[in-house]
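The residues making up each chain are set out below.
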Amino acid sequence: MLRARIVLGLYIGFLLLPIYWLVNMSLKTNSEIVSGLTLWPHTLTFENYTKIFTDPSWYSGYINSLQYVALNTVLSIALALPAAYAFSRYRFVGDKHLFFWLLSNRMAPPAVFALPFFNLYSAIGLFDTPFAVALAHCLFNVPLAVWILEGFMSGVPREIDETAYLDGYGFPHFFVKIFTPLVASGIGVTAFFCFMFSWVELLLARTLTSVDTKPIAATMTRTVSAAGMDWGLLAAAGVLTIVPGALVIWFVRNYIAKGFALGRV
Amino acid sequence: MSLVLDKVSMHVGGHTHIEQVSLTLERGSLNVLLGPTLSGKTSLMRLMAGLDKPTAGRVLVDGRDVTGVHVRQRSVAMVYQQFINYPSLTVYENIASPLRVARRPKAEIDRKVREAARLLKLEPYLDRTPMHLSGGQQQRTAIARALVKDAQLVLLDEPLANLDYKLREELREELPKIFAASGAVFVYATTEPAEALLLRGNTATLWEGRLAQFGRTPDVYRRPANITSARVFSDPPLNTMRVHKRGAQVVLDTGDTEAARGVLAGLPDDTYTVGFRADHLYLRRPDAEAIAVTGTVAVSEITGSESFVHVDVPRADGGSDRWVAVSRGVLDVEPGERIEVFIDPRRVFAFGHDGALAAAPPLAVAA
Numbered sequence: 695m696l697r698a699r700i701v702l703g704l705y706i707g708f709l710l711l712p713i714y715w716l717v718n719m720s721l722k723t724n725s726e727i728v729s730g731l732t733l734w735p736h737t738l739t740f741e742n743y744t745k746i747f748t749d750p751s752w753y754s755g756y757i758n759s760l761q762y763v764a765l766n767t768v769l770s771i772a773l774a775l776p777a778a779y780a781f782s783r784y785r786f787v788g789d790k791h792l793f794f795w796l797l798s799n800r801m802a803p804p805a806v807f808a809l810p811f812f813n814l815y816s817a818i819g820l821f822d823t824p825f826a827v828a829l830a831h832c833l834f835n836v837p838l839a840v841w842i843l844e845g846f847m848s849g850v851p852r853e854i855d856e857t858a859y860l861d862g863y864g865f866p867h868f869f870v871k872i873f874t875p876l877v878a879s880g881i882g883v884t885a886f887f888c889f890m891f892s893w894v895e896l897l898l899a900r901t902l903t904s905v906d907t908k909p910i911a912a913t914m915t916r917t918v919s920a921a922g923m924d925w926g927l928l929a930a931a932g933v934l935t936i937v938p939g940a941l942v943i944w945f946v947r948n949y950i951a952k953g954f955a956l957g958r959v
Numbered sequence: 022m023s024l025v026l027d028k029v030s031m032h033v034g035g036h037t038h039i040e041q042v043s044l045t046l047e048r049g050s051l052n053v054l055l056g057p058t059l060s061g062k063t064s065l066m067r068l069m070a071g072l073d074k075p076t077a078g079r080v081l082v083d084g085r086d087v088t089g090v091h092v093r094q095r096s097v098a099m100v101y102q103q104f105i106n107y108p109s110l111t112v113y114e115n116i117a118s119p120l121r122v123a124r125r126p127k128a129e130i131d132r133k134v135r136e137a138a139r140l141l142k143l144e145p146y147l148d149r150t151p152m153h154l155s156g157g158q159q160q161r162t163a164i165a166r167a168l169v170k171d172a173q174l175v176l177l178d179e180p181l182a183n184l185d186y187k188l189r190e191e192l193r194e195e196l197p198k199i200f201a202a203s204g205a206v207f208v209y210a211t212t213e214p215a216e217a218l219l220l221r222g223n224t225a226t227l228w229e230g231r232l233a234q235f236g237r238t239p240d241v242y243r244r245p246a247n248i249t250s251a252r253v254f255s256d257p258p259l260n261t262m263r264v265h266k267r268g269a270q271v272v273l274d275t276g277d278t279e280a281a282r283g284v285l286a287g288l289p290d291d292t293y294t295v296g297f298r299a300d301h302l303y304l305r306r307p308d309a310e311a312i313a314v315t316g317t318v319a320v321s322e323i324t325g326s327e328s329f330v331h332v333d334v335p336r337a338d339g340g341s342d343r344w345v346a347v348s349r350g351v352l353d354v355e356p357g358e359r360i361e362v363f364i365d366p367r368r369v370f371a372f373g374h375d376g377a378l379a380a381a382p383p384l385a386v387a388a
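Each protein sequence line maps, in turn, to chains A and B.
Note that this note's numbering has the first sequence beginning at 695, numbered continuously upward.
Note that this note's numbering has the second sequence beginning at 22, numbered continuously upward.
Read the hints as simulated data drawn from the structure, not as lab findings.
Quick reminder that beta carbons are idealized off the backbone N, C-alpha and C, glycines included.
Warning: the hint list may mix true and false statements.
Claimed, not checked - Simulated restraints, written as ranges between beta carbons of each label pair: (1) A/Ile943 <-> B/Gly325: 57 to 63 Å; (2) B/Arg85 <-> A/Gly939: 57 to 63 Å; (3) A/Phe869 <-> B/Arg263: 55 to 61 Å; (4) B/Glu144 <-> A/His867: 27 to 33 Å; (5) A/Tyr784 <-> B/Leu81: 25 to 31 Å.
Construct the complete structure from the given sequences, taking the supplied hints into account.
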């Protein structure tokens, strides 16, 4: 028992070390960071954080990112809900192939799609808008969302649908009032996965934006100034990118394992 | 209303679920669909409800063709074998659901829900969600929802199969009474002959998607139209033996020759299959005219007050028939033991080559 705890403690310490170091750095001055190894900030400073929250070129990065991430999550779920319902309830020609093809979309590296998206969005005036990134991310998130939601929906007995029809519900009424609450946890988990992918994805987000909607990750990669690298500021920005993910994961913590199994537990 | 199935068939992916079933269910009648699992009870109910559209044939309600009319446009309530409720709603809202959809006035909804809850003893649980109820309470919630709807067709698909013994007895007695007042066509599916007999009403015996017989329950039980109907309506399984009638004598499949008595006496010469239920296979000689057959005990089960003895009876062709005899009291026999069993020729059914009933005991002794 004790040994298990020690092993587990060591493992968690090992996992948390980089995060601790990031927080540690974000609270130091640049001179302390480059002067040598200190295990905790000797000259504690919140200047890095203050800068991010007051400088529009920094905080707008977060706003831009959150904008397209939120947009993408809503779009993905709105599109995936009816699709997943169809896959879980109806049999049609080629349904299994179509279902697998959806997932195979995730097997291509995003870089493959960067060029066509760039060209297409430039041509139709979507370039450098939140919609550009949100729509591009749908390519990966809608299939994933369909897979996860289908798993959750298949866990709801078909007889519930039929009972609702027998009771006189129309399909839209049934779907909103009866069915959606039954897969609420699935929707939460799906939202989490969409959020996570869209939040950490850098390549498409950077390619499809330039000035107005530059995501935070892109801002962070462009911080080399004449005075060299601003390590403390970067670390603070890094800490702040972890926070939204941590918040989201808190809400779906009880269902996350089921989500990883695509709802099939 | 009356419900008529006109030669309905249901084929799914090359499999026959229902084949050419015609039934007429009258207003206010209680109808039992009796058959083993996979006999098509649920498929037939789904066709009656309109959840599935038959591959062929028509469904008529009060003479109007409703084949293909969506279940929403029909007046149907259904209770499934599994306990199906809306998990996210309270028991109260579950029961109220069909009334809410129909936009009935609040006061009426409340009155009906409370009345149904009282009938089904759900009053203390109205504020709970179905997850926090026992299986019996969940099923009673489903039944209450079917009840408040005042549907003209009430379908209960083995509603008591997953409930414990005591609750089953209680609900089985109450259900027909609860629904009787509404004048609805009441359909009840079960695998158990005893349940059909307790419910009375009419019984339709089903076998492999086909209707074997439809009629008043006691009639179907005591005068099965064919051997399939008799098999479906027998638990333990129907005992059968082939006999060859030769004038005043019958040659049994065992090779023995007996005088043609009882039901067999009036039959023309031919080969018949004789069927008799377990309670008409005797372990002690009932009277002088009984036919004695010797077999080997295969299994012996004692259920408190009754003994079930499974006997292998050798045939002249080298095979053997497995029969079951039930008798009152505890009977001590060991597997492998040789035993003499007795058939009362006045209490057997005789079926012809095509399986149709050729002769049956008079109703007074058939039971």
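Results of checking the hints against the structure:
For the pair A/Ile943 and B/Gly325, the supplied restraint of 57 to 63 Å holds, since their beta-carbon distance comes to about 58 Å. Between B/Arg85 and A/Gly939 the Cβ separation comes to about 60 Å, which falls inside the hinted range of 57 to 63 Å. The hinted window of 55 to 61 Å between A/Phe869 and B/Arg263 holds, with their beta carbons roughly 59 Å apart. The given range of 27 to 33 Å is respected by B/Glu144 and A/His867, whose C-beta atoms sit roughly 28 Å from each other.
Taken as a hint, the range 25 to 31 Å holds for the pair A/Tyr784 and B/Leu81, whose Cβ atoms sit roughly 28 Å apart.
The structure fails none of the hints (numbered hints given earlier).
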